[in-house]
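Protein sequence lines correspond, in order, to chains Z and A.
The first sequence runs 1092 to 1425 under my numbering.
The second sequence runs 145 to 517 under my numbering.
It is possible that some hints are incorrect.
[Said to hold, decoys possible] In silico SDA-like pairs for lysine to any residue, Cα to Cα no more than 20 Å straight-line: (1) A/Lys283 <-> Z/Leu1346; (2) Z/Lys1322 <-> A/Gly223; (3) Z/Lys1412 <-> Z/Leu1348; (4) Z/Lys1322 <-> A/Glu498; (5) Z/Lys1322 <-> A/Glu417.
[To be verified] Distance ranges between label pairs, derived from CB positions: (6) Z/Lys1322 <-> A/Ala458: 54 to 60 Å; (7) A/Asn328 <-> Z/Ile1171: 43 to 49 Å; (8) Z/Lys1258 <-> A/Ala306: 28 to 34 Å.
[Claimed, not checked] A few chain A residues facing chain Z, derived, Cβ under 7 Å: (9) Asn244; (10) Ile247; (11) Arg270; (12) Arg273; (13) Gln274; (14) Lys283; (15) Ile302; (16) Gly304.
Note that these hints are calculated values from the structure, not bench results.
In this text, all values refer to a predicted model and were calculated from it rather than measured experimentally.
Every residue, glycine too, gets a C-beta built ideally from N, C-alpha and C.
If you want the building blocks of each chain, they are given just below.
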Amino acid sequence: MVGLRAWCDTDASTGPMSMAQLLAKTGNSAPEPSYTFAFPSLDELNKACGQIAQTRDVIKGLEDGFLAIRPALRTVLDPITQPLSWMLDGTLYLFTTAPWFLIMAVMLIAVWYATYSLSVVIFNAFCLSFFAFVDHFEPAMQTFAVILVCTIISALLGVPIGIAMSKYNRLQRAIIPVLDLLQTLPTFVYLIPLIFLFPIGESRLYGIAIVLYAIVPVIRLTDLGVRLVDKDVVEAGNAFGMSPAQKLGKVELPLALPNIMAGLNQTIMMSLAMVVIASMVTAPGLGVLVLRGIRNLELGVGLMAGVCIVLLAVMLDRTSKAALSRIDRTKTEM
Amino acid sequence: MTAPQKQLCRVLTEQKLKCETDIMTQTPKVSLRGLYKIFGSDDKAVLQHAKAGMSKENLLVSHQHVLGLKDINVEMQAGEITVVMGLSGSGKSTLIRHLNRLIEPTDGEILVDGVDIMKLSTLDLRHMRQNKMSMVFQKFALLPHRTVLQNAAMALNIQGAATEDQEGEAKKWLDRVGLGGFENHYPSQLSGGMQQRVGIARALTSNSDIMLMDEAFSALDPLIRTDMQDLLLELQVELKKTIVFITHDLDEALKLADHLVILKDGAVIQQGEPQSILMAPSDPYIEDFVSDINRARVLRIRSVMQELTEGKFAGDVDANDNLESLIATSGGDTSLRYRVVENGKPVGELDMRELVKALVPRISSSETGTRYH
C-alpha cells in the first residue's frame, strides 16, 4: 500500500465540481443515508483516489477520440460517398421539378412493365392521385426518390456481397455478426456518428443511414437464395463444363432470383421506415411533416403525413410483390 | 541381388511389359486403375490403412473416415455399355463422378483415351467435360427457367456455339428422342419420363463419345423405364457411344450391359459379361442377387448350349435369343433338341431338359440364409 496513497494524491483531479459537490457546498443536499454502500463507480473511486478519472472525463475522452479520427475517416469516406450525395440530389431535383403528369405517367408505365398486373397499376394511380389531391405530392415524391436511390444502391452492393458470402463460408461467418449488429442497433444510433462525420446539410448523411439499415435483407436473402439452389442442377452445370461465371449467370442467379426479389422487397420497406426517422437529420419528404406534427403538436399535419406514408408503403409493397410473382410465374431469363 | 533373382526380375519385367502392350492393343476408352476414395478431412493419411486392407467399419470407428471406393480397376471399352451395379451405399454414384472428376479420388489413375485426367488443368478439365463426356442424372437436373429447347442446347450454349447451331442440333436430338413439338415447353410442364428424354437429348447434343448415366431411369415408373431402356438400346445401335450406366436394378443391368461391374461396399466383387456372371456368380452376395431374377428372360441360348453332336434336331434357334423365346417356340415340350446357330453357322445344340435345369439358380432365393436387401 505504501506509495499508492502518494500516487493517488499527486495531481488530484482538478476538474470542475460535479453537481453533487456543488449542492453539498451550498448545504442544500439531503444527508446521505448512512446504510448505503455505493457501487465502486468511476465517480466513487475518484473520491478516494484523485488519479482515477471521473465518468464525465471518460465520455469527454470518447468524444475527443472520435473527433481525432474524424479527419482520417473523412478523407477515406468523403470520395466514396460523394456519388451518393449526387445521386440523391439529382433524383430529388428530378422528382420535385418534373410536372406531376409526367412523373405519374412514367411511374405507372414502369409499374406495368414490372408487374403486368392491371390492378396494381390502378392501385398505384389511385395512391399517386391521392397524394396530389391532398397537396402532398411533392413530399411523397421526395420520400419515394430517396427510397429509389437507396434501394438501387443497396441492391448494387448487397447482391454481390450476398453472392460472395454464399461462395465463401469464412466470409459468411465474418459478415453475419455485422448484419446482426446493423439489424439490432436502434435506428437513432446510426445517426449519431454520421452527424459528426458529415456536414449536416449533405444528403449522403441520411443516405448512408438508410442504406446501412436497409441493405441487410438483400444480403441475407441473396446468400440464402444462392445456397438453396438445387445442388443437382449445379452439378449438371459442372458436368457439362460450365465455368464459374457461367454457373453463376446461367444457373445460380436465375434460380436464386425469387429469393433475391423477396430480399429487395424487404429492403424497400426498411428504406421507407428509415427515411421517416432520417427526417431528423434533414431527409426531405413526408417524414419532415411527421416530425413537425410531433414537435409542434400539430396533430392533423402528422396524421395526414402518416396516412400518406401508409399508402406509399402499401403501394411499394404491392408493386414489388407483384413483380416478384411475375418472375416466379414466367421464369424469366436473365 | 543373386543371379537367379536377377533372372526372375528380368523375366517378370518382360512379362509385365508384354502384359501392358496387350492392354494397349485393346485400348479401353476409359480405364480406372487402383482407384481409392476416402471421405474425410485427412484422407491421404488414412489411405495407407485402407490399402492395408482395413474394413469400412473399422476405418469409420478408428479413424472417422468413410471408405467410398476401394481399389477399383475397371476398363470400359469404346462403343460398349458398361453397367455398374450395386445397392445404395455401395459407391456406384461416387464411382461415376470420378470419371469426370466431379469427385476427386484419393489415389489412383483415371485414363480417358489414354490421358490421365488427374493431370489436367482446370481449363483442360472443363474442355474435356464439354467435349468428351456428357451426363444424365437421376433427378433430371434440368434448368427450370429454360425451355426444353434451351435445355437440350445447354452443352452447345456452354461451348459458345452460334444460336442457330445450338437450336438446330437441339431440335434434331429432341425429335430423335420423341419430343418434337415440345421445344417451347418448360421442364415443369412435362412428365418425369419426358423430362428424362430432355436429359438424354441434352447429353446427345453435346456430341461427346462418352455418356455417363447416373441411375438415369431409377426415378421413372416401370413401364416408362422399359420404354427408356429400349430407347437407349435403339440409340446405341446407331450411335455406338461409350456408355457408363449406374443402376441398382439387376434386371435393368442385365438388359443393358455389355460389361457388368458389381460393387459392394466400395469394392468390385465381380465383373465381366453379364451372362457369365449369371451362370457363375463368384460371391454369395451376387448369388443372392441373381436368385431373384427372371432367368428365362435374361439368359441367352449361347450361355446354356452344349457342344454340337450328331442327331435329329427339332429346329434351328439363334444363339442370342433368350430362353423365354425358345420355351415359347417349343410349346413347353422338354423332349425336344434344337440346333443353335450364330450368323448362319451351327455353333452348338440345346436339349430342352438342360434349358429347364438352367432356369433353376444354384441357390434359390428361398434357400439363401443371408439377405442383403
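Now the hints, each set against the structure:
| no. | hint | in the structure |
| --- | --- | --- |
| 1 | A/Lys283 <-> Z/Leu1346 | 16 Å, holds |
| 2 | Z/Lys1322 <-> A/Gly223 | 31 Å, violated |
| 3 | Z/Lys1412 <-> Z/Leu1348 | 13 Å, holds |
| 4 | Z/Lys1322 <-> A/Glu498 | 52 Å, violated |
| 5 | Z/Lys1322 <-> A/Glu417 | 35 Å, violated |
| 6 | Z/Lys1322 <-> A/Ala458: 54 to 60 Å | 58 Å, holds |
| 7 | A/Asn328 <-> Z/Ile1171: 43 to 49 Å | 47 Å, holds |
| 8 | Z/Lys1258 <-> A/Ala306: 28 to 34 Å | 31 Å, holds |
| 9 | Asn244 | 6 Å, holds |
| 10 | Ile247 | 10 Å, violated |
| 11 | Arg270 | 4 Å, holds |
| 12 | Arg273 | 3 Å, holds |
| 13 | Gln274 | 4 Å, holds |
| 14 | Lys283 | 5 Å, holds |
| 15 | Ile302 | 5 Å, holds |
| 16 | Gly304 | 10 Å, violated |
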